[in-house]
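Trainee: Each chain is listed here by its residues.
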Amino acid sequence: MSRLEKKIEEELERLERAVEREIKVIEKKAHQHNLFPIAAGGLGVMLLMVSMVVLAPYMFLLDVPPSDRSHEYTPLEAEGRSLFMSYGCFYCHSQQVRPSDWGIGNVSQTGDYYYDSPNALGTERTGPDLAQIGGMRPTIWHHLHDRDPRSVSPGSIMPNFGFLSDHEIEALTAYIQNLGSEDLGVDLSITGGSSYHPDVPENFVNASNLFAHLMKQVAVSYDAENDVYNGSTSLGAQWATIFEIGKANYTQRCLACHGCSGNAQGPYARHVVTQPANLHERISTFPGDYYHIWRVTEGVPGTAMPTWGLSLNETEISLVAIYEMSFVLGSVRTVSGDISDAEGDNFANNVLNSPPITGTMQDFEQGKAIFTLYCAQCHGDGGQGDGPASIKTTGGYISPEPANFTESGSDFPNYGRWVWKVREGVETTNMPPWKWSLNDQEIYQVIFYEQSFSTPQDYNAKWAPLYSDSYGRDLMEGSTISGFVPSTAALATAIFAGILLWDQKYRKLLKTLEFAKMGIIVSISMLTRRLF
Amino acid sequence: MSEDNAVTTSETTTDLKNADSVSKLWFYFAMVWFPIFTTIGMIMAIKFFVPTFLVDSPFDTFGRIRPAHVNGLLFGFLSSGLIGIMYYIVPRLSKTPLYKPNIGKFTAVFWNLVVITGVLLVLNGDTQAREYAEFPWIIDVAIMIGLILMLVNVLGTVLKRKEPKLYVSLWFYVAIFLWFPIVYFIGNVMWSPPTGALFGVTDGIFNWFYGHNVLGLWFTPFGFGLWYYFIPRLTKRALYSVTLSYISFFALAFFYTGVGGHHLLQAPIPEWLKTIAVATSGLMMFSVLTFGVNIGMTVRNAWNIVWSNVPLRFIMLGFINYIFVSIQGTFQAFRDMNLYLHFSQWPVMHSHLSLYAAFGISIMGCMFWLVPRITGKKLYSKKLMDVTWWITFMGFIVFMAGMMLTGLVANSQWYQHLTVVQALDTLRPYYILRAIGGGMVVVSAFLFSIEIIATFLSKHLVHPNTVENYGGEVK
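For the record, the sequence lines run as chains G and R.
Following our numbering, the numbering of the first sequence begins with 1 at its first residue and continues without gaps.
Following our numbering, the numbering of the second sequence begins with 1 at its first residue and continues without gaps.
Incorrect hints may appear among the rest.
[As the list claims (entries may be wrong)] Covered stretches of chain R (chain G as the covering partner; in silico rule of three or more C-beta atoms under 8 Å from a C-beta of chain G):
#	stretch
1	226-234
2	416-424
[To be verified] Below 25 Å or equal to it, Euclidean Cα-Cα: the simulated PhoX-like pairs (lysine-lysine) are:
#	chain 1	residue 1	chain 2	residue 2
3	R	Lys236	R	Lys382
4	G	Lys24	R	Lys95
5	R	Lys95	R	Lys160
6	R	Lys274	R	Lys24
7	G	Lys24	R	Lys236
8	R	Lys105	G	Lys6
9	R	Lys160	R	Lys17
10	R	Lys17	R	Lys105
11	R	Lys95	G	Lys6
12	R	Lys24	R	Lys160
13	R	Lys17	G	Lys7
14	G	Lys24	R	Lys165
15	R	Lys100	R	Lys165
16	G	Lys7	R	Lys382
17	G	Lys6	R	Lys459
18	R	Lys95	G	Lys28
19	G	Lys7	R	Lys24
20	R	Lys383	R	Lys274
21	G	Lys6	R	Lys378
22	R	Lys17	R	Lys165
23	R	Lys459	G	Lys7
24	G	Lys28	R	Lys160
25	R	Lys378	G	Lys7
26	R	Lys165	G	Lys28
27	R	Lys95	R	Lys17
Treat the hints as calculated values from the structure; they're not laboratory data.
Note that the Cβ used here is the ideal one computed from N, Cα and C, for glycine as well.
Build the full structure now, drawing on both the sequences and the hints.
Mentor: Next comes the structure, spelled out in structure tokens:
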């Protein structure tokens, strides 16, 4: 035994003696008795409770029948299900519709899980609930989504599953597309697979969209990749007119529920019991034009969708349907705002890039009145995109966030784009086309007012020179904040830094400050600019 | 001290060394698993705001590393730490050597090899896909064997005890190994090897019976055992009341067993089962509050000792968090609260508050205190231990705040019928906050691990007659 070990030995013994004394304290409060009553008692009451909460429910639930929403899994679906479980999808996607949930399906029943072992009830909803997701989206959507979720759902935080093979994705999608859809005893092969649509009444079986042929003719000469139209000019003009009329009809009648962009987030959407159709997804599952025409003409029983056939004629219904088709998922308009930006710039270059108004005080006041009447609901009184309806506000729901005019310098690089967006709306958002309710003069006035929300530098650089009236020109002149705050801050920093550099004693402090500064910059940019 | 007494003590000392070497083995594993599996947790936290972070292989996708993180910490770090502490306490309270030290050592190695194999299998996708019960059947069997070996050892030691008095910690340590094998067998549906699951919602009931009782009948009794032992011992105050400890023991055994159903309050399970779950979740307070009052009264005028003794400060922080999380859990189990709070990050916060902030932090304290005592080596650095406490303390507050805010912000939006996708965008800052707090927790885990490893490797012995050298303790 080495010397060290011997010393350790002695030390431990000394320690143990101390322990003995300390334990005496503990034992003051212990009774002298057998282990048996404690062990048997503890085990007994535990087993009693086990019989109540495990055995009893087990026997109680033995004879639960399968519900209409549960399906026996085909081999492909079973494979998809095992992938779903093995990749832990259920940690973020629950599969239970609670009585308090809204707009994701019928409340889950005991029998819904009849064929599931284990079930995927889930405990978290980091992502959407999947209990009744089957048929809600086109199969191709799931294929794209599983490989790269953000390609079809921009805000998603789901991991990419690019490493899955094509077959695995197919299996997974087969499982998802079968989840919770009600089995109505219909042969799904008639409608072509995953989602069920009721039979169309006989008088609509041969209905067709009056402008479908025109759409096809135009589409042939349209190069989607470069966004160029090479066809005949007269045909193009005819198509553009029809599209515009359709848009007008849609804005007047459908927007209230289906939303400006067709994303089912219109102002009334939250007040109807059954959620309006999300046209991005719904239209692509329609078996054909005739179905679309039928749904618009006859309405949808059990929902707030009216019988439009009573107030619109066949032509008008076709026009609306044509416009709605531009919402279909995957069409350029639904993917990003770039199209709208490009159209706006095109408008600026070719039509109008400076205000036809002079920018008087009357213009400003008129613009303010219109803004308060129509725009503040979403964009907020201060133009920060935080109006009562905006998702940025408690109780609001308009998403994506309405434009924040105080920091939108880069969103509006020129005057024409601004006019375009107000006049024509923005398809990817809930911004409506205002040309149906405001005349051009009013649009210019409201833009003038909105420009007053931008930063003084931005305003003075871009918008002030465009107005001939002194009111518009000098709107931001008076506000010295622009120059005063940064220059004061810069001066103070310089003085402070000078003192620190001058005094060697503070060198250390300076280093700390640098770290603190870096920390602040990083955290602010993470929180506000979304660095990642 | 009489001649007679001195001899007895000396004998006991030599015998106890066997038990201590078992503790030491468990501590080796605990100090390794803690930083590793918290780092995995950190990776997950980052994935919440950088969704493309580590997504190129099946092994690092969120759904795979989450069960690895949970099982690694539950059965790796927490169980190893708590069992190691148990092997220190049981022979001392029984005043007898460990029944079978060799079986004890074998169990430590066997258990941890089984757990790491299980975690690797889960990472490879061989999972039963039941939350907290992911381990495949073969691992379940091995864990059952480990549990039975520990039952033999603990029961053997307590039955052969030379001390006629039976202190409350020993009740819990014996009872754990009577309760938990039953819970584990039923909860993992071990009679059905291929899936380890039943059909339909019944499986959910079994799953959550197990899922909550991993906490209630495994970690909680371990925690009660160590708090009942260490807090009176380190404050040098006798326990306040034996009667209260009886109530806490039997209330735990009866009420805690039934609470599992509160995880399924909005799922289509029988209503009467939900009622039982809510009622027992409320009545569980009997156990927690009697225990809390008992310990609280024990330290009633010894708070200065708690503050100046850093290991005890860790243990006390764990104890306070335990009381806090139990009260929170009871309220969360009431139907209206549950309706509001379910499905968000709030329950994730709740489970971290109990497993990490109550048990994990207590284990850190106990190991800081015990490792010098079972090795006779001086603690590597008292300063580092104090720093670790502060980082732990601040880290867990930020960590909990991050998850709590994420949960409340999400819940309040869902409550207004916004969809999950609409609400997701607003959660990002809080996800980042959680990652910052989680990062501090990981740092403290590494510091803890470094300190314990350095102590094991140290050549500096504890200096005689200065009790302080064991770490921050005042005389």
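Trainee: Is Lys95(R) close enough to Lys28(G), meaning Cα to Cα at most 25 Å?
Mentor: holds, 15 Å
Trainee: Can you confirm whether the C-alpha distance between Lys160(R) and Lys17(R) stays at or below 25 Å?
Mentor: holds, 17 Å
Trainee: Within 25 Å, alpha carbon to alpha carbon, are Lys24(G) and Lys95(R)?
Mentor: holds, 11 Å
Trainee: Sort out whether Lys382(R) lies within 25 Å of Lys236(R), counting only the CA atoms.
Mentor: holds, 21 Å
Trainee: Straight-line Cα separation of Lys17(R) and Lys165(R) no greater than 25 Å?
Mentor: holds, 22 Å
Trainee: Please work out if Lys383(R) and Lys274(R) have their alpha carbons no farther apart than 25 Å.
Mentor: violated, 50 Å
Trainee: Verify the proposed pairing of Lys7(G) with Lys24(R), using a straight-line Cα cut of 25 Å.
Mentor: Between Lys7(G) and Lys24(R) the Cα gap is close to 19 Å, so the pair holds against 25 Å.
Trainee: Would you mind confirming whether the straight-line C-alpha gap from Lys165(R) to Lys28(G) stays at or under 25 Å?
Mentor: Given that 25 Å is the threshold and the Cα spacing comes to 9 Å, the pair holds.
Trainee: Within 25 Å, alpha carbon to alpha carbon, are Lys100(R) and Lys165(R)?
Mentor: At roughly 22 Å apart (the allowed maximum being 25 Å), Lys165(R) and Lys100(R) satisfy the hint.
Trainee: Need the status of pair Lys17(R), Lys105(R): alpha-carbon distance at most 25 Å?
Mentor: Within the cut-off at roughly 12 Å; holds.
Trainee: Go check the stretch 416-424 of chain R versus chain G for me, would you? Three or more residues, Cβ under 8 Å, otherwise it fails.
Mentor: holds (count 8)
Trainee: Keeping to a limit of 25 Å between CA atoms, is the pair of Lys95(R) and Lys6(G) held or broken?
Mentor: Given pair Lys95(R), Lys6(G) holds - Cα atoms ~24 Å apart, limit 25 Å.
Of the hints listed earlier, those the structure fails to meet are numbers 6 and 20, in rising order.
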